[in-house]
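S.K.: Spelled out from the first residue to the last, the chains are:
There are 2 protein chains.
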Amino acid sequence: MADNKLGRQTVTFKKFPQIYMAFSTAGKKEGQGPLKNWFDSVLEDDKIGQRTWEEAETKMLKDTVVGAVRKAEIDKHEIDVIFSGDLINQLMSSSYAVREMGIPFLGLYGACSTMSESLIMAGAFVNAGYSKYAAAAASSHFCTAERQFRMPLAHGNQKPPSAQLTVTGCGCALLRESEGAAGCCEGKPVYVTGGTIGKIVDKGINDTNMMGAAMAPAAVDTIETHFIETGRGPEYYDMIFTGDLGKIGKDIVKDMLGKKGFDMTKNYEDCGCMIYGEDQDAHSGGSGCGCSGSVLCGYIFKNMKSGDLKNVLVVSTGALLSTISTQQGESIPGIAHAVAISTEKERF
Amino acid sequence: MADNKLGRQTVTFKKFPQIYMAFSTAGKKEGQGPLKNWFDSVLEDDKIGQRTWEEAETKMLKDTVVGAVRKAEIDKHEIDVIFSGDLINQLMSSSYAVREMGIPFLGLYGACSTMSESLIMAGAFVNAGYSKYAAAAASSHFCTAERQFRMPLAHGNQKPPSAQLTVTGCGCALLRESEGAAGCCEGKPVYVTGGTIGKIVDKGINDTNMMGAAMAPAAVDTIETHFIETGRGPEYYDMIFTGDLGKIGKDIVKDMLGKKGFDMTKNYEDCGCMIYGEDQDAHSGGSGCGCSGSVLCGYIFKNMKSGDLKNVLVVSTGALLSTISTQQGESIPGIAHAVAISTEKERF
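Residue numbers (this note's numbering), protein chains in the order written: chain A, 1 to 348; chain B, 349 to 696.
Just chain A, with the same shape it has in the complex (with noise of 0.2 Å):
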């Protein structure tokens, strides 16, 4: 099974699971931005009737991962495992949320790489026929994050230019195997044929308003270990997303790529740059897990579903600081995870 794996990072799936459905949910103001037709459903208001922020992140997700059993016509007990994170401690909007839901848990925690984390287990599990139906899920909310990881929401305090907001969204993908499914969806089928592993990277950024700054080093350590270890460059891709880095991270990335001699500036976005509008106040772009969760499973997935997109890496990037390692000085540790997504059965 040696061939399951090329370098060290990246892991290879050659029975292809298939990403069979997707379900993406985006906050009010997601909702408002230039990405507003792609989400699956856009909440009315954040707090969808819950007594408490955390309630509410925790329906929004469990609402998604409904979606998404709804829209591929199964039964949530096929799903034999979720592999689920967030950002809130203890991981308690994916406990509670799966707690309802009788579905074999997983919990992960790669900050906002996680969408690319529970892809990457997703996909490793339906594989090697661990699991039929496996899935990958990821949330984040803004009242939720901007308390526990920031000031008082009623604060309503100042921000530099760099910082940028937590997505309040989510997305969750069905995986299944591949042989044998009749598919039910209709467009072009959307396989998981690998990913890319990432290391921790801490250049010591230590500024929390500054998180594209610090984890954009990270996405260009994976994303150069996944050109390498698989001899692609960027131009084997229609698109290189990576998952939250905003404005200033991003070209970060363009740059420190284009030195070691990997042109990005042409099939390259930024989840985080894509979901606000200009005139949304959002300063450098969104953050969260939510952000390249909503994007990869609604505007991502629907452009592959439709053809326009064949060839897709995704790879969210993730801050791993608390508040703790932040009041003790500490710096901030970025990773980011790469999976590959095509809409043919591509080898490595």
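Rather than coming from a laboratory, the hints here were simulated on the basis of the structure. Every value quoted in this text rests on a predicted model; they were computed, and no experiment measured them. Idealized CB from N, CA, C, for every residue including glycine. No incorrect hints appear here.
Not everything, but these chain B residues come out facing chain A in the computed CB check (under 7 Å):
| hint | residue |
| --- | --- |
| 1 | R356 |
| 2 | Q357 |
| 3 | T400 |
| 4 | V429 |
| 5 | N437 |
| 6 | Q438 |
| 7 | G450 |
| 8 | L456 |
| 9 | G477 |
| 10 | Y478 |
| 11 | D550 |
| 12 | L668 |
| 13 | Q676 |
| 14 | P681 |
Chain A is already provided as a structure; the job is to place chain B on it using the hints.
M.R.: Just chain B now, kept in the frame of chain A:
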């Protein structure tokens, strides 16, 4: 590949990934208990020269991974991925420990079930050929957990007899493919033959001094599912170990499984009941990821190496609460994952 699963929740590893080496570290108090001779390393003091308790836990975890690597006589760069988790917000201990090692990292959160979770993941990755060497780790530290989840340490508050003590300790298991493994290590080979992924079970307990009772129903659910899906009964195993149910939780498991027709009175123990002596003022017993982490990588692994234990089921148990969920009046969801370990290539 459909034969890599049994039922919905059980995965099987037919390539028999081997726990090539394991290393366990215990705190000072744990190193004075009944298992003192089974740990690879005992801390002289629990702050080990660091500025903060969080930095001490980080160093303990890092030293444990390095200890496993040295004992296995390999280079850390041979490890393709490390699966690790802990109890501190945003997996601070794992993230900062791995940051300095350059090993590709997939963070997990399963509360105190993390050691089983990381072992299932590492087994799944090695079995499927995604990794040659994969590390599985988990840590907890009394002083970081106590002040995060309960009271400031200096408060010196009293606890009821049902309360448990968070173990200062951690474990790291290094898995590799069996094929072609010369086996650097003396003694019997130790294989991870499969696992049963748990569902979240919440019976409405909301007293954080009753964690054993909160987690026991999840352990019962996973163990019963394991028996049903594999066709094995309690008698199949030399020993079944739960993670950290303590005295109260252990009794509940015996009662509940007994009523379901599974006799757990002969060969069942709980790591939380084993790690402290009666004279150590540990109330209902030990808890924390490091409880089953250090007992599995110390006592259990070494007893398998020597041939004293042949077939073992380890069921680490987690309480998926957070401080926020407690403040908001939520009950405590429990989860448990079971890992089957054998010195023989035992097929399910």
